[in-house]
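Engineer: Below are the chains, spelled out letter by letter.
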Amino acid sequence: MAEEIRAEMVANVWKVVVKAGDVVSDGDTLVILESMKMEIPVLTEANGTVRQVAVNEGDVVQEGDLIAVVE
Amino acid sequence: MTALATPLQTQETGSDLDPRDPEVRLAQLLDADSLVPLRPRDSSGVYAVRGRIDGARVVAYCTDATKMGGAMGAEGCRHIVDAIDTAVRERCPVIGLWHCGGARLAEGVESLDAVGQVFAAMIRASGRVPQISVILGPAAGGAAYGPALTDVVVMAPAGRIFVTGPDVVRSVTGEQVDMEALGGPSAHGKRSGVVHVIADSEDDAYTRARRITGLFARPGLFDLHAVRDGEDLGALLPDRPQRAYDVKPLLRHLLDTEQGPDGTQVSMFEELQAKWAPNIVIGLGRLGGRTVGVIANNPLRLGGCLDSLSAEKAARFVRMCDSFGVPLLVVVDVPGYLPGVGQEWDGVVRRGAKLLHAFSEAVVPRVTLVTRKAYGGAYIAMNSRSLGATTVFAWPTAEVAVMGAKAAVGILHRKKLAAAPDEEREALQAKLIEEHERIAGGVNRAMTIGVVDEVIDPKETRRRLAEALAAAPAGRGAHGNIPL
Chain E
1 MAEEIRAEMV
11 ANVWKVVVKA
21 GDVVSDGDTL
31 VILESMKMEI
41 PVLTEANGTV
51 RQVAVNEGDV
61 VQEGDLIAVV
71 E
Chain V
1 MTALATPLQT
11 QETGSDLDPR
21 DPEVRLAQLL
31 DADSLVPLRP
41 RDSSGVYAVR
51 GRIDGARVVA
61 YCTDATKMGG
71 AMGAEGCRHI
81 VDAIDTAVRE
91 RCPVIGLWHC
101 GGARLAEGVE
111 SLDAVGQVFA
121 AMIRASGRVP
131 QISVILGPAA
141 GGAAYGPALT
151 DVVVMAPAGR
161 IFVTGPDVVR
171 SVTGEQVDME
181 ALGGPSAHGK
191 RSGVVHVIAD
201 SEDDAYTRAR
211 RITGLFARPG
221 LFDLHAVRDG
231 EDLGALLPDR
241 PQRAYDVKPL
251 LRHLLDTEQG
261 PDGTQVSMFE
271 ELQAKWAPNI
281 VIGLGRLGGR
291 TVGVIANNPL
301 RLGGCLDSLS
311 AEKAARFVRM
321 CDSFGVPLLV
331 VVDVPGYLPG
341 VGQEWDGVVR
351 RGAKLLHAFS
361 EAVVPRVTLV
371 TRKAYGGAYI
381 AMNSRSLGAT
391 TVFAWPTAEV
401 AVMGAKAAVG
411 ILHRKKLAAA
421 PDEEREALQA
431 KLIEEHERIA
441 GGVNRAMTIG
451 VVDEVIDPKE
461 TRRRLAEALA
471 AAPAGRGAHG
481 NIPL
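First to last, the sequence lines map onto chains E and V. Each residue of the first sequence is one higher than the one before, counting from 1 in the numbering used here. Each residue of the second sequence is one higher than the one before, counting from 1 in the numbering used here.
Check each hint, because a few of them may be wrong.
[What the hints assert, rightly or not] Computed list of lysine-lysine pairs in BS3-like fashion (alpha-carbon distance at most 27 angstroms, straight line):
1) E/37 x V/415
2) E/15 x V/406
3) E/15 x V/415
4) V/431 x V/416
5) E/19 x V/415
6) E/15 x E/37
7) E/15 x V/416
[Stated by the list, open to error] Computed list of chain V residues with no C-beta within reach of chain E, every gap over 12 angstroms:
8) 28
9) 86
10) 343
11) 386
12) 398
13) 454
[Stated by the list, open to error] Among chain E residues calculated to face chain V with C-beta under 10 angstroms, some are:
14) 5
15) 10
16) 11
17) 21
18) 24
19) 35
20) 39
Just so you know, these hints were derived from the structure itself, not from any lab. What you are looking at is a predicted structure, and each value in this text was computed from that prediction instead of being measured. Every residue gets a Cβ at the ideal spot worked out from N, C-alpha and C, and that includes glycine.
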C-alpha cells in the first residue's frame, strides 16, 4: 500500500535526501524542512520504495502538502 | 447510546476455555491465585474482584463478552459502581477490562440510568485512586465514555471505541467506514488521543496495564545511592543547535533501567499517547527508584514547538500526576509556540492556558531541565520559575530568551540595520547579536535574575534531578483528573 507523507507544518524545503526508487525503512529521513529556525527531518514510518518525491529544495510547503510517496 | 451486537465465536457455555471469559481475562491481569470475587459470578454481564498486581492490592472488573456481547445492564453497572467505590474506600487502583457493546437495549432507560451511575462513580473516584481501562474488544456507546473518564486507557489490537458504530454512521452521514478504521488502535492512538497505550497483543495489553498500575501503586522512595551517573548525556544532543533530534533516547538515559530477560539494561519508560501530538512526550518512569512523570518537548516533531494539542496533552498529564502525588520532571527544548491561522482558530490560546494552569496549580515537586533552548511564551509554559517550579536547572549549552538573538535583533534594530550600508550590514548584525546575547539571552542572564537556579554538568544530571525532587516536600493536589 502506498503511504503518503505530508507536511506537518508550514516550512521551507532545505534538503531533499532521497530520490524516487530509493529503498527506505521506518525512521529514515526523506527530506529536511526548515521552519522556526529548526532543521526538521521528515521521516517515513513505512518500509518500502520511494515512488515519488513531490518537493524540490527551496520550495515552501503548507501544512498537509504532499512531500513523498513510499510504496 | 445504542447496543452493538458482537457476533459470538463460541457457544455461551460459560466454559473456562472461552478466552473472553472474565475469569480467564482477570487471571491474566492479576498475580497468580490472588483473585477473590467481590460477589459470586452471576448473569449481570460484569464480574468484579479483588486481587494483586506485583503484590499491590487492586480492584478489577471485567465486562462479560460471553453474555449478550458484554452489554451493560442495571445489575452489571451496579457491580462496576461497587468495585470503584470499594477501591476508593480501600485506596487502591481500580482496573476495568472492557469488551462491551453498550447499554442493554432490552432494559431500556433503566440501563441508561445505570450506565450514567457508572460514569458518576468514576468521576467521584477521579484523582483519588488511579483508574486504568483496558479495551479488549468493542467498547461502544456507554462503554466508550466509561474508559474515557479514567486516567489511562490501554488498547489491545482487537479493541474498538466509538459512540455510534459503522452502521449508524453510514445511515446518517453516508460515510463508509469499518469498525477498525472508525475506532481501532490507529484511530485513537494517532487521531483522537483517547487511547494512551497501544498494545501489540491482548497479552501485551495486560503486561502494560500491570506495569502502569505498578508505577502508581508502588511509587517507591528516592534512593539517591542507586542513581548511577557519569554518562555524558550532553553527547546525546546534535552538534548544531538548530538540528532536530529525537528526545526519547535522552529520556531513557535520564530514567532508571532494569535488567531485561536477555541480561541487557532496558528502559522502564512507559510513554503515554506516543503517536498523538508527538511534539510533546509524556510518560511514567522511575528515577532513583521513585515513580516520576516526565514531560519533554520533542524537537523531532514540529521542531518541538508547543501547539494547541500538545499543550492540552501535557496539561492533562500534569494534573493526573499532581492528583496522585507523582513528582514531575520537565525537559525543555522549545523554540516557541507554533504560529499559524489554524493554531489560533484551533484554540492554541484556550488550550495553552490549560498548561499554564496545570503547572502553576501543581503541588508535587516539579523540576525543570533546560537542555538547549527555551523561547518566548513556550518558555513560561514549560514549568518555568514564574509558574512555581521547584528547581530550574540548565545545561551549559542552554539559551533562555524571548526569541533567538538573530530574530530579536532583526526586530529591535530593524531601522538601524536598514539604514546601514549594504557592505556593513552583516558586521553590524553580528555585533548587535553579540550585544543582545550579553544583555538579554544566554543562560547567564537567566541565572542573574534567578529564573535558572543552576547550570549543571550533563554528566551529573541524574543525580542532581533526583536530589532536587527528593529534597522538595511531597505534595498531592486535591483535585480530580478531568479528561481535558
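Engineer: So, for every hint listed, does it hold in this structure?
Structural biologist: Each hint, compared with the structure:
no. : hint          : in the structure
1   : E/37 x V/415  : holds, 22 angstroms
2   : E/15 x V/406  : holds, 22 angstroms
3   : E/15 x V/415  : violated, 33 angstroms
4   : V/431 x V/416 : holds, 12 angstroms
5   : E/19 x V/415  : violated, 43 angstroms
6   : E/15 x E/37   : holds, 14 angstroms
7   : E/15 x V/416  : violated, 33 angstroms
8   : 28            : holds, 30 angstroms
9   : 86            : holds, 43 angstroms
10  : 343           : violated, 10 angstroms
11  : 386           : holds, 23 angstroms
12  : 398           : holds, 16 angstroms
13  : 454           : holds, 27 angstroms
14  : 5             : violated, 13 angstroms
15  : 10            : holds, 7 angstroms
16  : 11            : holds, 9 angstroms
17  : 21            : violated, 26 angstroms
18  : 24            : violated, 17 angstroms
19  : 35            : holds, 6 angstroms
20  : 39            : holds, 5 angstroms
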